[in-house]
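Enquirer: First to last, the protein sequences are chains A and B.
Heads up: the first sequence begins at 0 in numbering that gives the first Met the number 0, then just goes up one per residue.
Heads up: the second sequence begins at 0 in numbering that gives the first Met the number 0, then just goes up one per residue.
By construction, these hints were calculated from the structure, which means they are not laboratory data.
Do not rely on the hints blindly, as some may be mistaken.
[Stated by the list, open to error] Computed list of lysine-lysine pairs in DSBU-like fashion (alpha-carbon distance at most 30 Å, straight line):
| no. | chain 1 | residue 1 | chain 2 | residue 2 |
| --- | --- | --- | --- | --- |
| 1 | B | K231 | B | K25 |
| 2 | B | K243 | B | K257 |
| 3 | A | K270 | B | K450 |
| 4 | A | K114 | A | K182 |
| 5 | B | K231 | A | K156 |
| 6 | B | K82 | A | K151 |
| 7 | B | K231 | A | K270 |
| 8 | B | K63 | B | K243 |
| 9 | A | K270 | B | K63 |
| 10 | B | K257 | B | K30 |
| 11 | A | K156 | B | K63 |
| 12 | B | K243 | B | K133 |
| 13 | A | K270 | B | K243 |
| 14 | A | K270 | B | K25 |
| 15 | B | K25 | B | K257 |
| 16 | B | K231 | B | K63 |
| 17 | B | K133 | B | K5 |
| 18 | A | K270 | B | K82 |
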Amino acid sequence: MIGTGNSVNSITARRRHPLARYAVVALALGLLGGGYAVAAPGGSSADAAIASGKADDVAQGKSLFVAHCASCHGMNAEGTAKAPTLVGVGAAAVDFQVSTGRMPAADAGPQAPRKPLGEWVTPQAIDDLAAYVQSLGGGPARPAAEQVDPAKGDPAKGGELFRANCIQCHNFVGAGGALTYGKYAPPLNPATPTQIYEAMATGPQAMPVFNDSTITPDQKRDMIAYITHVRQQVDPGGSGLGRIGPVTEGLVAWIVGLSLLILAAIWITAKKRRTHA
Amino acid sequence: MDTTPKAIAGVSTFLDDRIGAGSFLKRNMRKIFPDHWSFLLGEIALYSFIILLLTGTFLTFWFKPSMGEVVYSGSYQPLVGVKMSEAYASALNISFDVRGGLLIRQIHHWAALLFIAGMMVHMLRVFFTGAYRKPRELNWLIGVGLLSLALLEGLTGYSLPDDLLSGAGLRITEGVMLGIPVVGTYLTFLLFGGEYPGHDVISRFFTIHILLIPGILLALISAHMVLMWVQKHTQMPGTGRTNKNVVGAPFYPTFMAKAGAFTLFTFGVIALLGTFAQINPIWLFGPYTPADISAGSQPDFYMGFLEGSLRLMPSWEINFLDHTVSLSVLIPALVPLGVVMTGLALYPFIEQWVTGDRREHHTADRPRNNPHRTAIGFTGIAFYGVLWLLGANDEISANFHISLYETTIFGRFAIFLVPALAYFVAYRICIGLQRKDAEVLSHGVESGVIKRLPNGEYIEVHTPAAQDIADHIRGKEEIPIIESGVDGDGIPPKGARTALGRLRAKASEAYGTDHIPLDEGHGHDEHAAIGAGDHSDGHRDGH
């Protein structure tokens, strides 16, 4: 085949070039992506509606829901095999899940991680979605600004509640910790006061619900005051070493302390003077 | 300076006449100490201990070892108004209201970590060089005792502030004591003065931590030093070094200056750590209540291996005549500690039994030259290391996103497989290094000179190893093997007739057989021989 030199054969040879299969895959992907980009705007009609301020919150929320949530939670939030119903979870759950980037979930891992927000996730979009889900069957509402104001809480009282209720999973400063089956208690440092309140009120993922009769709204505010106070604190003893306790301390003792001393020992004994005895 | 100044002469004569200080000093100031960086590792522990005594004394001025309840009113805002024990409140007071208190507390804690880490590396050095051999077995046993006591000293020490983290350790201590069959409950009530946590344990730990154990440590450390002084330090093999001499620098002035410098280095490193790295932030943990526990509760590093064994253990228990024996607590608490400490204590005697070696040893082995010992040492390190690592499995899981259960399952296999692998790998590395040594002696070292022979072949000229390197290598000692062969009448020697005797003979042969004897000849032809092509030059280059 090679060596006859006519054009048909040269096309065949190129087709069998080692890079040919990558070129084909790249082309296919490009077509698919481009096609999707052209076909996708169906979802953004809701965004357009919000932008123009035509529909009311619930209706806008519904269309956002259909675009971004319904594939797992069902067209009417009735739940599917993949995801639970959202009837009755309340606006607080929507705000927590969407504003932390956990929902819409990227993939079906043991736990949805906090991640950067999608472009469509504006405060307005969250308000609309929350209004829609709230309209389905009530549930915990989002806290008012003064309910989560750390300045109005008592950090000492909050600390006691925090130690009694939270640290067994989240660690003593909210640095996070491991749970079973690949789940984990996330660090509390990136969470806003509102998100902390909503997490307690709604019990997302592996977390239990701490409703208002278990921990009153005032107590929740005290806990928020403690959490935010401690995480803003400058460590008085130097570097906090991740604030996870003796594990990093032991590493530093061996890797920094002992290594420096061994280097010193090598240096001291490098020069020798010999005497017999 | 022919005459001694009167002020000095008078005092020294006074002392000399009464306590014979002159002859004592004369004898000891010129004591020779061999020089090797690894011989200073024990001094890390020694100087850390001095720091511990000094800083610990400072801390006792303000610490109140009491479990009486107080309401905190100090300057750490997030705990104001919280009920806590006096011990915890006074530890907070030291940290925030005593000038320099936090720094001293942190130096004390860092010094404690380096005290034990220093002991561990020192012990490993002694083990791998065989420096525990006759006549130093007693000093080795003192060392094992020191290490065990240091662990206990650490446990009682970090329990004192009565913070939430230390309380978790105390709770585990209680659980282990309760798990001891028959007497566990009585022992627990004895220690805690009643139901856990009671009101006595902190003050009792305080006495143990600042009086009892430091006193014993001080006595044992002194004995350790005196024995070392009297028996003289071992030395690495090398030029002019034999089993009957010590080559090095005199205590005064050389060794004293080096030891002084190293003291300052140790102080400096610990002060730096205490200044720049926060340790045991008790104010973040909060006061201890038995109801609370934090994620990621860990002991200090030296207790990590016990934490790991507890975490790895399946939940086994036996019910016997309505009494529960909690194997899931007893085995992890006692077996690893027993294996490590008993193994360390008995090793010199087991080795003597296996090799039948009753000679005195004053030169250290290079670890490669006793491959089985080195491999056994690495097996121990691997065993300890796996447990230590898995003691932090929740932090590993949380920070590296590995499923927690998978770390546990991994650990349950690793605790058996990794030590076995470590044995094999360490043994093979030792053999490889021995081969390298033999090659250096028989073929010399590469000179970097490439020669082309008349027939077109290229060879690299090898030069003989430098004298000090060659002597260092030739310091390899033969490991004795006990007599086990049958005599002329086909009768094995008396010791080798029982099953134990046969085992001993087998072990001895495996332990002592030298697979890579140092071959001084030029041996094989496929390597370029020393000075090939230009023989005389090669030898002249070799110093």
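Enquirer: Given the hinted pair K25 (chain B) and K257 (chain B), is their Cα-Cα distance within 30 Å?
Expert: 20 Å, holds
Enquirer: Next pair to validate is K257 (chain B) with K30 (chain B); report whether the Cα-Cα distance is within 30 Å.
Expert: 14 Å, holds
Enquirer: Is the straight-line distance between the alpha-carbon of K243 (chain B) and that of K257 (chain B) 30 Å or less?
Expert: 25 Å, holds
Enquirer: Are K133 (chain B) and K5 (chain B) close enough, with their CA atoms no more than 30 Å apart?
Expert: 47 Å, violated
Enquirer: Keeping to a limit of 30 Å between CA atoms, is the pair of K243 (chain B) and K133 (chain B) held or broken?
Expert: 14 Å, holds
Enquirer: For K270 (chain A) and K63 (chain B), compute the direct alpha-carbon distance and say whether it is at most 30 Å.
Expert: Distance of about 48 Å is beyond 30 Å: violated.
Enquirer: Taken at face value, is the distance from the CA of K82 (chain B) to the CA of K270 (chain A) at most 30 Å?
Expert: Cα-Cα ~58 Å, so violated.
Enquirer: Between K156 (chain A) and K63 (chain B), does the CA-CA distance stay at or below 30 Å?
Expert: Roughly 25 Å separates the two Cα atoms, so the pair holds.
Enquirer: K82 (chain B) and K151 (chain A): Cα distance at most 30 Å?
Expert: Roughly 22 Å separates the two Cα atoms, so the pair holds.
Enquirer: Starting from K270 (chain A), check that the Cα of K243 (chain B) is at most 30 Å away, please.
Expert: At roughly 24 Å apart (the allowed maximum being 30 Å), K243 (chain B) and K270 (chain A) satisfy the hint.
Enquirer: Are the Cα positions of K114 (chain A) and K182 (chain A) separated by 30 Å at most?
Expert: 16 Å, holds
Enquirer: Taking 30 Å as the top limit, are the C-alpha atoms of K270 (chain A) and K450 (chain B) close enough?
Expert: Outside the cut-off at roughly 37 Å; violated.
Checked against the numbered hints given earlier, this structure breaks hints 3, 5, 8, 9, 16, 17 and 18; the rest are met.
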